[in-house]
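So the sequences go chain by chain: P and C.
Heads up, the first sequence is in this note's numbering, so the first residue is 1 and it goes up one at a time.
Heads up, the second sequence is in this note's numbering, so the first residue is 1 and it goes up one at a time.
Hint data in this document are derived by calculation from the structure and do not stem from the laboratory.
Keep in mind that a hint or two might mislead.
Same chains, same names: a pair is fine if it fits in one copy or spans any two.
Stated by the list, open to error - Mimicking SDA-like on lysine to any residue, the simulated pairs with C-alpha atoms at most 25 Å apart in a straight line are:
no.: 1; residue 1: Lys227; residue 2: Thr132
no.: 2; residue 1: Lys335; residue 2: Thr19
no.: 3; residue 1: Lys308; residue 2: Val296
no.: 4; residue 1: Lys171; residue 2: Lys335
no.: 5; residue 1: Lys311; residue 2: Thr204
no.: 6; residue 1: Lys62; residue 2: Val162
no.: 7; residue 1: Lys293; residue 2: Gly251
no.: 8; residue 1: Lys164; residue 2: Gln51
no.: 9; residue 1: Lys41; residue 2: Gly249
no.: 10; residue 1: Lys102; residue 2: Val56
no.: 11; residue 1: Lys227; residue 2: Asp52
no.: 12; residue 1: Lys164; residue 2: Asp307
no.: 13; residue 1: Lys102; residue 2: Ile48
no.: 14; residue 1: Lys50; residue 2: Ser330
no.: 15; residue 1: Lys335; residue 2: Glu111
no.: 16; residue 1: Lys227; residue 2: Gly331
no.: 17; residue 1: Lys335; residue 2: Gly199
no.: 18; residue 1: Lys198; residue 2: Leu276
no.: 19; residue 1: Lys62; residue 2: Gln136
no.: 20; residue 1: Lys62; residue 2: Asn45
no.: 21; residue 1: Lys50; residue 2: Pro323
no.: 22; residue 1: Lys50; residue 2: Gln226
no.: 23; residue 1: Lys33; residue 2: Pro11
no.: 24; residue 1: Lys50; residue 2: Leu35
no.: 25; residue 1: Lys50; residue 2: Val162
no.: 26; residue 1: Lys171; residue 2: Thr132
no.: 27; residue 1: Lys33; residue 2: Lys171
no.: 28; residue 1: Lys102; residue 2: Val162
no.: 29; residue 1: Lys164; residue 2: Gly343
no.: 30; residue 1: Lys62; residue 2: Tyr133
Since the model is a prediction, treat every value here as computed from it, not as a measurement.
The primary structure of each chain is shown beneath.
There are 2 protein chains.
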Amino acid sequence: MTKNKFIASCPMPDFGFDTITLGHGSGGQLTNKLLEQSVFKLFSNEAIDKQDDGAVLDIHGKTAFSTDSFVVSPIFFPGGNIGELAINGTMNDLAMCGAVPKYISLGLIIEEGLHVSDLWAVLESISAIAETYGVQVVTGDTKVVERGKGDKLFVNTSGIGVMKEGIAMGKEQIRAGDRVLVSGPLATHGMAIMSVRKGLEFETTLESDTQYIGDVSGALLDEFGQKIHFMRDPTRGGAATVLNEMIGGTGFSVELEDNSIPVLPQAASACELLGLDPLYVANEGVFITVVDKEVVENALNLMKSFDKCAKAADIGIISETYPGKVIVRSGLGGKRVVSMPVGEQLPRIC
Amino acid sequence: MTKNKFIASCPMPDFGFDTITLGHGSGGQLTNKLLEQSVFKLFSNEAIDKQDDGAVLDIHGKTAFSTDSFVVSPIFFPGGNIGELAINGTMNDLAMCGAVPKYISLGLIIEEGLHVSDLWAVLESISAIAETYGVQVVTGDTKVVERGKGDKLFVNTSGIGVMKEGIAMGKEQIRAGDRVLVSGPLATHGMAIMSVRKGLEFETTLESDTQYIGDVSGALLDEFGQKIHFMRDPTRGGAATVLNEMIGGTGFSVELEDNSIPVLPQAASACELLGLDPLYVANEGVFITVVDKEVVENALNLMKSFDKCAKAADIGIISETYPGKVIVRSGLGGKRVVSMPVGEQLPRIC
Chain P
1 MTKNKFIASC PMPDFGFDTI TLGHGSGGQL TNKLLEQSVF KLFSNEAIDK
51 QDDGAVLDIH GKTAFSTDSF VVSPIFFPGG NIGELAINGT MNDLAMCGAV
101 PKYISLGLII EEGLHVSDLW AVLESISAIA ETYGVQVVTG DTKVVERGKG
151 DKLFVNTSGI GVMKEGIAMG KEQIRAGDRV LVSGPLATHG MAIMSVRKGL
201 EFETTLESDT QYIGDVSGAL LDEFGQKIHF MRDPTRGGAA TVLNEMIGGT
251 GFSVELEDNS IPVLPQAASA CELLGLDPLY VANEGVFITV VDKEVVENAL
301 NLMKSFDKCA KAADIGIISE TYPGKVIVRS GLGGKRVVSM PVGEQLPRIC
Chain C
1 MTKNKFIASC PMPDFGFDTI TLGHGSGGQL TNKLLEQSVF KLFSNEAIDK
51 QDDGAVLDIH GKTAFSTDSF VVSPIFFPGG NIGELAINGT MNDLAMCGAV
101 PKYISLGLII EEGLHVSDLW AVLESISAIA ETYGVQVVTG DTKVVERGKG
151 DKLFVNTSGI GVMKEGIAMG KEQIRAGDRV LVSGPLATHG MAIMSVRKGL
201 EFETTLESDT QYIGDVSGAL LDEFGQKIHF MRDPTRGGAA TVLNEMIGGT
251 GFSVELEDNS IPVLPQAASA CELLGLDPLY VANEGVFITV VDKEVVENAL
301 NLMKSFDKCA KAADIGIISE TYPGKVIVRS GLGGKRVVSM PVGEQLPRIC
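Looking at chain P on its own, in the form it has when it is part of the complex (with noise of 0.2 Å):
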């Protein structure tokens, strides 16, 4: 599989070095080395440039602020890998909150022995990915451990984001007869995952659906504003989790038509044979949306205008037919309660 899906915009320097080593996390000339010609270089702006313990910026007003570390196996898979994941992951819980991701700081856990170029390479997805939606990495953060003792390479990417004016997002706007949205295919991400772990074929590769949704999400908020009344992307635990927690507690429920729901073939084929449903393996470029019924034609257009999101679908309502549960009915008319997982379905997949 290619290792980087964007055209390398700088070509990778000569480190002097093939791999990581403890020194190059000791704070000293090995880690400035590998800085300075790796994350200074890619990253370059006012702040990061300063090299300091923290960025200074200005910032005014209702901010969104975003954790997420990355583990997952293998951290080059296909459609991906682990920066990709980790910087798109976290500019998507910001924009999920309503935010538009300004700013990203990058903390590296390095088992000794990693590649340079595995690194360089996910440093450029993050670099590219960041350009490309006009973030920057501002701070960042090198630690290495000794073999065995971590896996490869943990990422975290932490963010800020400049909160969206004019809407009320959460659980408690939700009401019955709003529609449920999804903006693309489930399961694509997990069963991406999955196939290069179990060594499944298929007539065609099954990638990663690693994407940034932010600019979609931002857009039905700018344009439906308060009819928006919720929004998450379904990683870890795919949707069920996301409608799940989203429902228990309150008076509604969620009533999802199977017939409706977008899945790719090859990851239907995949859910099948490994006995996994759809609903509970997880996304990385898909959000879940919770609309007024009188805005949703017009969101689901919006949505599909845009390439990334042309699968997008209208997936089940809010009712108040079953309290704090979410039913899923088969075209032949039954029905499932669809409940929160317990446990691991699919270890490190994010």
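Following the hints, complete the assembly by docking chain C onto the known chain P.
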């Protein structure tokens, strides 16, 4: 050693399990059960109570943003634990930028098999320190990796602080004649960790100096404003690294007086035994500041007025004699260059 130097404010709840499993990182019911009884209970505040993907905060003006990942081994050591280290470290980084810490994010990477009582002790320390200094843990993330793919617990803390006004710090502010002050004995943290790893025995236990020193640095900035030219906490790489990074590329030099550099007797013995120079050993609860010569005496007295900085000392001067270099003069009149360390002296010290 005691796990927690703070008085337990909350007894550990009955989690119903003794160790962390992969399922606790799933994002499902097990994750919720773990977090509801620990993170959400200990850190309860308006932002985190919402359990959204990010926190929404009101921030106005110049803001500092910093991140640090902590991989210290062992996670409990004389004088502290990885949680204290993490929150103190990030709060200190913000303070060194000239900010007052306000908000912290907490990212946990847990190795399967960690005792839940160890996690509780770490979280409780973080909670106690946050409460003491009016800082809120507002957002977080928990991942679990398989046994042998991590090392008990890695902690990322990112932080946001409000910048003080009327300050101007940075290497470009340094002038000949300025004095170099240190807020306490050097090498304490590094040697406390090493004493556990190497099984060294002293007459009294050498304890890590992990502590928040932003109250002291903040008081200096409030009192002396732009007369404080530079501030940095000499963590990984020790004082030698901070001073070299500060002076490198300038026309100035740092001239230290060996006799003036405070080092606790046990730390000095341990350094001698292991052949380490205290200037290269990591500190956690100490900062170095460069101040205008006009205010040196008052600044030192202000520092010493805090119990935690009772051993603060004036350790040297900024000169133009050896541009870009750090020099130490011995009591006998000899002098040596203290260069930037190359690689790792003490891996995983923080």
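We went through each hint and held it up to the structure:
1. For the homomeric pair Lys227 and Thr132, neither the shortest alpha-carbon distance inside one copy (29 Å) nor that between copies (41 Å) is at most 25 Å.
2. With identical chains, the CA atoms of Lys335 and Thr19 are never at most 25 Å apart, being 54 Å at best within one copy and 37 Å at best between copies.
3. In this homomeric assembly, Lys308 and Val296 come within 25 Å of each other (Cα to Cα) only inside a single copy, at 19 Å, whereas the closest approach across copies is 60 Å.
4. For a Cα distance limit of 25 Å, the shortest separation of Lys171 from Lys335 inside one copy, 24 Å, qualifies, whereas the shortest one across copies, 67 Å, does not.
5. Proximity of Lys311 to Thr204 under the C-alpha cut-off of 25 Å is restricted to the intra-copy arrangement: shortest distance 18 Å within a copy versus 67 Å between copies.
6. In this homomeric assembly, Lys62 and Val162 come within 25 Å of each other (Cα to Cα) both inside a single copy, at 6 Å, and across copies, at 14 Å.
7. Proximity of Lys293 and Gly251 under a CA criterion of 25 Å is satisfied intra-copy only: 18 Å inside one chain copy versus 68 Å between copies.
8. Taking CA atoms no more than 25 Å apart as the test, Lys164 paired with Gln51 passes between copies only; the shortest distance there is 19 Å, against 30 Å inside one copy.
9. For the identical chains of this complex, Lys41 and Gly249 are inter-copy neighbours only, at 19 Å across copies versus 49 Å inside a copy, given an alpha-carbon limit of 25 Å.
10. In this homomeric assembly, Lys102 and Val56 come within 25 Å of each other (Cα to Cα) both inside a single copy, at 13 Å, and across copies, at 14 Å.
11. Taking the shortest alpha-carbon separations for Lys227 and Asp52, only the inter-copy value of 19 Å comes in at or below 25 Å, while the best intra-copy value is 43 Å.
12. Only within a single protomer do Lys164 and Asp307 lie at most 25 Å apart by alpha-carbon distance; the minimum there is 23 Å, versus 45 Å between protomers.
13. In this homomeric assembly, Lys102 and Ile48 come within 25 Å of each other (Cα to Cα) both inside a single copy, at 14 Å, and across copies, at 21 Å.
14. Proximity of Lys50 and Ser330 under a CA criterion of 25 Å is satisfied in neither setting, with 58 Å inside one chain copy and 33 Å between copies.
15. Taking the shortest alpha-carbon separations for Lys335 and Glu111, neither the intra-copy value of 47 Å nor the inter-copy value of 39 Å comes in at or below 25 Å.
16. In this homomeric assembly, Lys227 and Gly331 never come within 25 Å of each other (Cα to Cα): the closest approach is 29 Å inside a single copy and 75 Å across copies.
17. Taking the closest pair of Cα atoms, Lys335 and Gly199 never come within 25 Å of each other, the shortest separation being 33 Å inside a single copy and 63 Å across copies.
18. Proximity of Lys198 to Leu276 under the C-alpha cut-off of 25 Å is restricted to the intra-copy arrangement: shortest distance 14 Å within a copy versus 49 Å between copies.
19. In this assembly of identical chains, the alpha carbons of Lys62 and Gln136 lie at most 25 Å apart whether taken from the same copy (19 Å) or from different copies (16 Å).
20. Taking the shortest alpha-carbon separations for Lys62 and Asn45, both the intra-copy value of 24 Å and the inter-copy value of 17 Å come in at or below 25 Å.
21. With identical chains, the CA atoms of Lys50 and Pro323 are at most 25 Å apart between copies only, with a shortest distance of 21 Å across copies and 54 Å within one.
22. When the C-alpha separation of Lys50 and Gln226 is checked against a cutoff of 25 Å, the pair qualifies only between copies, where the shortest distance is 19 Å, while the shortest distance within a copy is 41 Å.
23. In this homomeric assembly, Lys33 and Pro11 come within 25 Å of each other (Cα to Cα) only inside a single copy, at 17 Å, whereas the closest approach across copies is 47 Å.
24. For the identical chains of this complex, Lys50 and Leu35 are intra-copy neighbours only, at 13 Å inside a copy versus 37 Å across copies, given an alpha-carbon limit of 25 Å.
25. In this homomeric assembly, Lys50 and Val162 come within 25 Å of each other (Cα to Cα) both inside a single copy, at 23 Å, and across copies, at 18 Å.
26. In the homo-oligomer, the alpha carbons of Lys171 and Thr132 never lie at most 25 Å apart, since the shortest distance is 32 Å inside one protomer and 33 Å across protomers.
27. In this assembly of identical chains, Lys33 and Lys171 lie within 25 Å of each other by CA distance solely across copies; the values are 20 Å between and 48 Å within a copy.
28. In this homomeric assembly, Lys102 and Val162 come within 25 Å of each other (Cα to Cα) both inside a single copy, at 7 Å, and across copies, at 17 Å.
29. Proximity of Lys164 to Gly343 under the C-alpha cut-off of 25 Å is found in neither arrangement, the shortest distances being 35 Å within a copy and 46 Å between copies.
30. When the C-alpha separation of Lys62 and Tyr133 is checked against a cutoff of 25 Å, the pair qualifies both within a copy, at 20 Å, and between copies, at 23 Å.
When each numbered hint is compared with the structure, violations occur for hints 1, 2, 14, 15, 16, 17, 26, 29.
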